[in-house]
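*Asks:* Keeping their order, the protein sequence lines are chains A and B.
According to the numbering used here, the residues represented by the first sequence are 1 to 303, in order.
According to the numbering used here, the residues represented by the second sequence are 1001 to 1142, in order.
No wet-lab data here; the hints were simulated from the structure.
Do not take every clue at face value.
Simulated pairs of lysine to any residue, SDA-like, Cα-Cα distance not exceeding 20 Å [said to hold, decoys possible]:
1) Lys1010(B) to Pro41(A)
2) Lys29(A) to Lys1072(B)
3) Lys1080(B) to Ile58(A)
4) Lys269(A) to Ala1126(B)
5) Lys1004(B) to Pro41(A)
6) Lys1010(B) to Gly39(A)
7) Lys1010(B) to Phe22(A)
8) Lys64(A) to Gln1077(B)
9) Lys229(A) to Lys1072(B)
10) Lys135(A) to Tyr105(A)
11) Lys1010(B) to Leu53(A)
12) Lys1010(B) to Gly54(A)
13) Lys1010(B) to Ile26(A)
14) Lys64(A) to Pro1079(B)
15) Lys1072(B) to Phe22(A)
16) Lys1004(B) to Ile50(A)
17) Lys1004(B) to Ile26(A)
18) Lys1004(B) to Gly54(A)
19) Lys1080(B) to Gly219(A)
20) Lys269(A) to Leu1047(B)
21) Lys1010(B) to Ile47(A)
22) Lys1004(B) to Lys269(A)
Beyond 10 Å from chain A on every Cβ pair, some chain B residues (computed) [stated by the list, open to error]:
23) Leu1003
24) Leu1005
25) Ala1007
26) Cys1023
27) Asn1024
28) Ile1028
29) Leu1031
30) Val1048
31) Arg1070
32) Pro1079
33) Gly1095
34) Pro1118
35) Ala1129
Owing to the predicted nature of the structure, the values given are computational and were not obtained by experimental measurement.
The C-beta atom is built at its ideal place from N, Cα and C for all residues, glycine as well.
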Amino acid sequence: MGLLLNFLIFPGFLFSAIIGLFASWIDRKVTARIQWRIGPPWYQNFIDLIKLLGKETIIPRGNKFTFLFAPLGGVISITLVATILGKLLINPTQSVLGDLIVVLYLLIIPALAMILGGSSSGNPLASVGVSREMKLVLAYEFPFILSVLTMVIKAGNTIRLGQIITYQMDYGSGVGSLSGMLAFVVAVLCMQAKLGLVPFDISEAEQEIISGVFIEYSGFLLAMFKLMKSMLLYIMPLFLISLYWAENIGIYSLIGKYVFLLVIIILIKNTSPRLRVDQALRFFWGPVTLLASLAVILAMLGR
Amino acid sequence: MSLKLKALTKSLWVFHLCIGGSCNNCDIEILDLLTPRYDVERFGIMLVGSIRHADVLLITGSLTYKSAVRAKRLYEQMPKPGVVVAVGSCALGRGIFKDGYNTPCPLDELIPVDLYIPGCPPKPEAMIAGIVKLVEKVKGKR
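Please model the entire structure based on the sequences and the hints provided.
*Replies:* Shown next as C-alpha cells:
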C-alpha cells in the first residue's frame, strides 16, 4: 500500500508530473524572455495536457498494440525512476544492490518508447525520425555510461546509488574533484541529448521532419508523450545531482541545484543550432567519449 | 462550458496551410503574430508541424484543383474538436484568382469554415481580433 502510494503520488507519478510540467513552463518562459517575448502563463502546460486529454485520439493503420503501449510504457518507466530516486534522496541508506543499473536501464526506455511508437505508426517521416533517434541513442549512451562509471569507481566500486550519495555526503561531492568535474560535463551534454533538446533534437526536428516520431500521435497518446518529456526534464537533472553533486541533499539545496541545471539546459537550448545526426555521432564518439575516458582513468588514479 | 472546451480555448495549436495560388503575404503576416511585437504564445497559441497535433487548421491562399483534395484530406485528418480559420481574401472568396482556370471554388464550399478574416493581407491585429471572436463563439455556442 505504501509502495503503491509512493509510486502513484509522492515521489512518483503525480509529484514528478507536476514538477515536470512546471519545469517545462520555466523552459518556455525563459526561452520567450531570451527572445524578447513575454511567454505563456504558468499554468500553460497543464492546460495543454488537459486539452490533449479531451481531444480525439486517432490510431493509424499499423501495429495498434505498440502504438498504444509505447507512450504508456515510457511514462511508467519514468515514474519508476522518479520513485526510486525520490525515495533514495529522502533516505540514502535504503538502497538495494544494483539500483544504479536499474535506473540506467529505465532511463533508456523513453527513447525506446519513441522508437517503437514512431515505427509502429507507419509514417515515412516518423521512420526517418526513428532512425535518427536510434543513432542518437547509440551515440550518447556510451559516454553517458562511462561518466556514470567514473562515480562508481570513485565511490569504491559500488553499484548502489544510495552508497554513491552517502560517499559524497562524507567525502565531498563528485564535482569537487577533477575526474568528477569532467564526468559531470560529459553527463550534462548527454542529458541534453537524452531530453531531446535543441542541439540534439534531431529525431523530432519540427522544421524538417515535422516532429518526426510524434507525427501520427494525437489526443491522449500525445499527452502521454508530452508528459513523458516533461517528467524527463525533472528526472534527468535530479539523477545527475544525486550522482555528482550530492554532498548536501537538503530540500533548498536540491531546489537550487535543480534550477541551476535547468538554466544550463535552457541556455544550451537557446544558443545553439541543430546538429545533423552524423555531426552528433561524431561529437559524442569523438571529444565527449575522450573526455569521459579521461575521467574514468583519472578516477582510477584516485583524482 | 465544459472543461474540455475551456482548455481548448486557452491552448490553440495552429497548423498553418498555404494552399495553391497566393502571394504568401498572408503567411508573412501570420508569422508576425509569433514575433516579440504580438507574441500570441502568451495566450497559448503555438504553431505545430503535424496536423495530428493541431486544433486550428489555418488556411491561406485560394484553392486549386490539385490542392482542394489535399485541403479536404487534412481537414479529415485533424483530431476533433477543431476549428478551421480562413485568412485573407484569396481563402475567403478566391480574391484576384476568382476567374482563374484552375480555382474551382471558395474554401467554405469545400470544408466548413469557422472564422473568416478578410483583408489583403489582414493585419496581425485583425487576426487577434478574429481569434477573440472565435473564442467567444466557442464559449457562447456550446
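*Asks:* Hint by hint, which ones does this structure get wrong, listed from lowest number up?
*Replies:* Per hint list: 2, 4, 9, 15, 17, 22, 23, 24, 25, 30 and 32 violated.
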